[in-house]
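Colleague: Chain residues, written in single-letter form:
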Amino acid sequence: MTPPSARARAPQPPLLRISPEVALGAIGVGALAVIALWWKDTIFISGWGDWLTNAGRITGLLAGYAVIVLLALMARVPALERGVGTDRLVRWHAAGGRYTVCLAVAHTLLIIWGYAVTAHSGLVHETGSLLTTYPDVMMGTVAVGLLVLVGIVSARAARRRLSYETWHFVHLYTYLAIALAFSHQFSTGADFINRAQARWLWSLMYIAVAALLVWYRLLAPLRSALRHRLHVVEVRQENADTVSVYVSGLRIDELRAEPGQFFRWRFLTRDLWWAANPYSLSAAPRPDLLRVTVKITGSHSAALRHLAPGTKVLAEGPYGSFTAARRTRRKVLLIAGGVGITPLRALFETLPGRPGDITLLYRVNRPEDLVLATELDAIAAQRRARVHYLVGPPKFDGSDHLSPRRLQRLVPGLAQHDVYVCGPEPMMNAARTSLRTSGVPRRNIHDESFTF
Amino acid sequence: MKRVLLSVTGTVVGLVALLNFKTHGHPIAAGTLPSAGLPNASSTSPAQAGTSTSAPPRAGTSSRSSTPAASAARTIAGSAVETRYGVVQVQVSVRGTKITNVQFLQLTAFDQRSAEINSAAAPILLQETLSAQSAHIDTVSGASYTSDGYAQSLQSALDQVGIK
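In the order they appear, the protein sequences are chains A and B.
Its first residue numbered 101, the first sequence is counted upward by one per residue in my numbering.
Its first residue numbered 214, the second sequence is counted upward by one per residue in my numbering.
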C-alpha cells in the first residue's frame, strides 16, 4: 500500500475557528457581565459585615460562572478545538480549575464571616444557622467539599501517585458538585431571588453548556461511528518501536480532518476498547483512508502491532489547531522531535508553498529513531522542499542541533519564518528559546504539546 | 508560581476596588414618598369624618397630648426603623382611634433592587393599613423586611395614641 497523499476535493464551506484571543475575550466579557449583575443590585455597602458578604457574593457569582466556562472548554466544540487547540484548552482548564476551587472556597468562608459579623454571632453558630436555615446551602456546602477533593486529586503531586483512571473517575464528581451547587444560587442568591430575567439567563447558560457536552462528547461521536464505520485495513511496522495504522471507512472527507490534527482513537478489541488515545494523522487524510503513526511506549500502544485488519475503530475528532490555518508567512520551518514528526509529516506534505518555502528539521537522539524517512525524502524531492535530519543526543553546551547558532546556519532568513514545533517537552522548550533568540516573534511560533 | 501570585493579587485588588466603590455610595430614597388617606368627609362613617392633613408636619413634630381628645385630628411620626436593606419611617394621622392618613417620611434602600421592591410594596402597605386600621397587616410577599420595618414604625406611632 502506498502512503496516502492529498487529493483535490470539492470546495467545502470554510471551517469556523475561534481564536484564543476571541475565546479569552468572550470569557472576560462574561465575567464582566456577572460582576455587572452584582453592581446593578448593589448601591451601598454599610459596614464591615456587609462588605464581607458582598465580597462573598462576587466570588460566589464568579465561581458559578467559572465552573460552566471550565465545562465549556472541555466540551470538544470543533470551532474551539480548531482555533484554540486541545493542548491549550487543557492548560486553560487546569489553571482555571484551580482558580475556581479557590473562588468557591473564598465564597463559602466570606459569606459565613460576613453573616456572622452582621448578626453579631460566632463563626460556628453562623455556620450552623447557614446550613440549617438557609435553603439549599447544605447541598452547596457538599458541592464545595467535592470541588476541593477534586482539586486536591488533580494537583500535580497527587496525580502522579494516582492512576489516570482514578483521577478521571474522581473528576466526574465535578458534575455532581455543579448540580448540587445550582439550586442555592437561586434560592439564596441576592442577585437572582427577585430577578426572573437573571435566573433565565443564568439557567440558559448552564443548559447551553450541558447541551454542548451531550452533543459533542456523546451524540456526535456516536453519529460519526454509525456514519463512517471506520475499521483497520493495515498495520505496518515502521521501525522497532513505531507502527503505522491505516484506517478506512465511509465518507471520511465529511470529517473535514486537516493535516496536523489528531483523533481520539478507540480500537474495539477485547483489550483496547476502553481507552481512547490521541494520535495525530501522519499523512494528509484521503476520502477513504486515514493513517496514524504511533510510538510504542506502553502495553496499549504495543497491542496496536497485533491489530487485525477489519478491527472496528471509533475515532473522535478531528481535534487540534496545529494546522495550516495558523500560518501567516510565506516561509515555513517545521521542527519535529522524535515521534512528534507525525503531524509535521502531514503538514510537510500539504502546506502550500513554492520550491524552497518549506523546510523540515527532524531531531532524533539515535539514527534508529528516525521513522518515515523514505516518505519525507520523497516529499522533499517532489516539492523541492528541504529536509534535515539532526541526529545525536541533546547537548547543553550551546552546540546542540537546535542551538540558535546552528539553527540560523541551517535555515537562512530564520526570523522571517513561521515555525511549527512538535515533540517532547524539553525539545520544544529548547527550540522555542533558540527561535526567540534568533528573532522569531512569539506569535509566529506554533507548537503543540502531546503531553496533556 | 508567578502566575498564581498574579491571579490571587489581581483578584483581591479587584474585589477591594469594586467593594470600595460601593462603600462610598449613598442610600437611595424613593422619588416621591407615597401616602394614602381615607376619602375626605364623605367617608362611610360620617360620625368620624376624617380631616386628613394635607401638609403634614416634619418628622418628630408630633403633637403630643396627654389627654387624647376623641375627635381631634392628630399627626404622629413613627420611629425610623433600619432593616437589612434600608430605612423605613412612617407618619400617621388619626382622628379618635381611626387612622385617616398614613405616609412615608423615609423609605430608603441600600441597593437598586431593594428600592424597586420598596416602591412596589409601599402602596400595598399603606392600603393595608387603612383597611386594617392597625399595624397588624399582612407581609407583602417578596418584601418581608420592608413590611416588618413598616409595621414596627407604624406601631411605634400608634403606641403614642394608644391604638393597638
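One should not assume that every hint holds.
[Stated by the list, open to error] The calculated label-pair distances, taken between Cβ atoms and stated as ranges, are:
#1 A:A320 - B:V217: 51 to 57 Å
#2 A:L124 - B:S332: 36 to 42 Å
#3 B:L246 - A:V314: 31 to 37 Å
[To be verified] Facing chain B, according to a computed beta carbon distance under 7 Å, are these residues of chain A, among others:
#4 L124
#5 D141
#6 T142
#7 G149
#8 W151
#9 Q297
#10 Q508
[As the list claims (entries may be wrong)] Some chain B residues close to chain A (C-beta under 8 Å, calculated; not the full set):
#11 T222
#12 S354
#13 G355
#14 Y358
Keep in mind that the hints were calculated from the coordinates and are not lab data.
A virtual CB, placed ideally from N, CA and C, is assigned to each residue, including glycine.
Colleague: Now tell me if each hint is right for this structure.
Modeller: Hint check results:
no. : hint                        : result
1   : A:A320 - B:V217: 51 to 57 Å : violated, 36 Å
2   : A:L124 - B:S332: 36 to 42 Å : holds, 41 Å
3   : B:L246 - A:V314: 31 to 37 Å : violated, 53 Å
4   : L124                        : violated, 14 Å
5   : D141                        : holds, 5 Å
6   : T142                        : holds, 5 Å
7   : G149                        : violated, 10 Å
8   : W151                        : holds, 6 Å
9   : Q297                        : violated, 12 Å
10  : Q508                        : violated, 30 Å
11  : T222                        : violated, 13 Å
12  : S354                        : violated, 11 Å
13  : G355                        : holds, 6 Å
14  : Y358                        : violated, 12 Å
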